[in-house]
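**Q** Chains as they are written, first to last, in my numbering: chain P, 3 to 479; chain C, 254 to 346.
Derived from the structure by calculation, the hints contain no laboratory data. Source: prediction; values computed, not measured. Glycine is no exception: its CB is placed at the ideal position from the N, C-alpha and C atoms. There's no promise every hint is true.
To be verified - Cβ pair distances, simulated, as ranges:
(1) 289/C - 236/P: 34 to 42 Å
(2) 289/C - 329/P: 35 to 43 Å
(3) 379/P - 346/C: 48 to 56 Å
(4) 329/P - 309/C: 45 to 53 Å
(5) 266/C - 268/P: 42 to 50 Å
(6) 346/C - 362/P: 23 to 31 Å
(7) 386/P - 323/C: 40 to 48 Å
(8) 300/C - 251/P: 47 to 55 Å
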Amino acid sequence: MAAKWMSVAEVKQQILESSAEELTANYLETINKSKINGYITVSDKALEQAKKIDIEGLKGPLAGVPIAIKDNISVKGLPNSCGSKMLKNYIPPFNAHVIEKLLEAGAVILGKTNMDEFAMGSSTESSYFGPTLNPWDLERVPGGSSGGSAAVVAAGEAPFALGSDTGGSVRCPAAFCGVVGLKPTYGAVSRYGAVAYANSLEQIGPLANNVSDIAVLMDVIAGPDARDSTSAPNAKPEYQAALKADIKGLRIGVPKEYFGEGINPGVEKAVWAAIQRCEELGAFWEEVSMPHTKYALASYYIIAMSEASSNLARFDGTRYGFRAEGETWHSLISKTRAEGFGAEVKRRILLGTYALSAGYHDKYYLKALKVRSLVKQDFEKALGKVDVLMAPTMPNPAFKLGERLEDPLSLYLSDVNTVPINLAGVPSLSLPCGFTAGLPVGLQIIGKPFEEPTLLQTAYTFEQNTDYHNKRPPEVV
Amino acid sequence: MITKEDVEHIGWLARIEISEPEKAEYMEKLNSVLDSFEQLDEVETKAVPPTYHVLELYNVWREDEPLESLPQAEVLANTEHKQEGAFRVPRIG
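Take the sequences, apply the hints, and build the full model.
**A** Here it is in C-alpha cells:
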C-alpha cells in the first residue's frame, strides 16, 4: 500500500504491520516523485531515525509517525532557510521547543517545507526556492505563507505538518489546499526556535487531513515553556478529549463584515451551506457585527511590518547566513541585506522602519496598536454572546500563479478575514467545507482564547457528517 | 508621502543598500501601501489604550542562575569568517 493520505491512526497501524522504517521509506518515495515543490529540504536522516525507533520498540504517542516542518522552525542539523537566500546555508545548532516535543513523542522528521520568504506572503511565490504548486490545480498557488506544509499534506507527501500563522499563514494555505489548519491562541504553543517575523501576532500551528490529527499534534506541541516569555502558564487541555460528534445547542455567530464586497460567490455559497449543515446538526446561528473589521488590515500590516523591521535586523551577514563583500562594517551589512533579502521582505522592512521612525511613530505604529484594541474588543463583545464565529477563511479560492505578484496591495487584501484573528490573539481553525469550480473552500471557525477544544469539537462534528475531508486532488493521485 | 530623500533615509536606517533605479520603484510601491494606511485616521482613538500583545503577562523572569550555553565551535559553525574563536568582520567606519 502506498503511503498516501493516511490518518495518524492508520499510519500507526501500518507501522505495527510493517515497520517505521518501511513506512518512512514509502513517504520518501512519494516525495521523490513529487510535482509540487513542497519541500525545500528532504531529511537525509529520516530513515536512520525511523530505524532507531523500530529498534527501541516504538516508544511515544507518535512512535515512527512522519511529519513535515515549515522551514522557519529550527530542527538541529537541518537547514532552516525561511525560504530566503539570506539563510539558505544556515543550519541551526538547536531544536525548537515543538521539535523537542515531537522527537520525545517518537515522530520522524521527513523534511523542511517551502514558504514565502520569512513568512511574508499568502502564495508561497516569494520563496527563494521557487513557488510550491497547488495539488488541486498545478497552475495555482497553494496559499501561504505555509504553502509547502499545506500542499505536502494535501498531496499525501506527509500525514501532517507544522506551519506558522502570523496573519493567516496556516489557515490560508489550509483553505486553498483543502486540508485542516489551526492557529492556536496566542501563547498556547511555545515560539522558542521559530524564526520571528512579527512576534506579538504569530503562533506555530498544525496542518492535517482531518480534525483528529490536529488534536493529536496539539496534545504533543502545546503547553508552557520558560524559554518563550509569551508562553501562557495556563493548564493545558486534553485536546483529543474534545473529539465528540455533538454540537447540539452550540451558538454560532456569523459576522456580516466577513462576507464583504469582493467575496467570491462560490465561496459564500459553500460557507453558508456549512452553517446550515451545523444548524441541522442542532446548532443555532445568528448574525453578529464586528464594526472595526475593515480597519484590521491596515492595523495588522503596520504592526507586522514594524515588528519585522526590528526582528529582521539580526540578519547582517556577520555570524551566519549569506554575507556579501564589503570594505567597511556598514557597507558589508547594507550590501548583505540588499542582496540577501527578496523584494517583498525589503518592502516590509522599509515600511516598518518608516512607521517606527521619528515623527511617524505616533501616526502609524501607535495608531495601529490602538485600533488593535478596538478590533480585540469586537471579538470580546461578539464571543460574549456566542460560542464560536463562522466565516470564510479566504474571500476567494486559490488564485493563479503570478496573478498578484506585482501588486503588493492586492495580495494584502486577500488576508482580510484572517488578520483580525491574529490582532485579537484568539484561536481559529480552517476546515474544508466544499468546492467552487473544482477548488477547495475553507470554513473558518473562531473561538474564545484557550477554547481550542470547542473549535475541535465543532469541526469534528461537521467532519463526521460530511465527506469533504476524504476528497483528494486529481492532479497528484 | 515618501520622497526620494525619505527612501534614502529609511534605507540607511534599515541598513539596506538601495540603487538609483530602485529608489523610484520603492517610492511608488511604498506610497501606495502608505495611502491605504491613511484609512486609520477615520477611527477615533483618543481614549483607547494601545495593545502591544494580548496576554496579561508582565515581567516574566526566571531565577538568576547560569544555564548551559552552546559550545563555541557550534556557535561559529555557520560562518567561514572567524579567527581565534571570534567572528571576523571589517573595521567600523
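**Q** Assuming the hint says 35 to 43 Å, is it satisfied by the Cβ distance from residue 289/C to residue 329/P or not?
**A** Since the Cβ atoms of residue 289/C and residue 329/P sit about 40 Å apart, the hinted range of 35 to 43 Å holds.
**Q** Between residue 346/C and residue 362/P, does the C-beta distance stay in 23 to 31 Å?
**A** 29 Å, holds
**Q** Using the beta carbons of residue 329/P and residue 309/C, state whether their distance is inside 45 to 53 Å or not.
**A** 49 Å, holds
**Q** Evaluate the given range 34 to 42 Å for the C-beta pair formed by residue 289/C and residue 236/P.
**A** Because 37 Å falls inside the window, the suggested range holds.
**Q** Is 42 to 50 Å right for how far apart the beta carbons of residue 266/C and residue 268/P are?
**A** 45 Å, holds
**Q** With 48 to 56 Å as the target window, see if residue 379/P and residue 346/C comply at their CB atoms.
**A** 50 Å, holds
**Q** Within 47 to 55 Å: is that where the Cβ-Cβ distance between residue 300/C and residue 251/P falls?
**A** 38 Å, violated
**Q** Take a look at whether the Cβ-Cβ distance between residue 386/P and residue 323/C falls inside 40 to 48 Å.
**A** Since residue 386/P and residue 323/C have Cβ atoms about 47 Å apart, the given range 40 to 48 Å holds.
Hint 8 alone, counting from the list given before, is not met by this structure.
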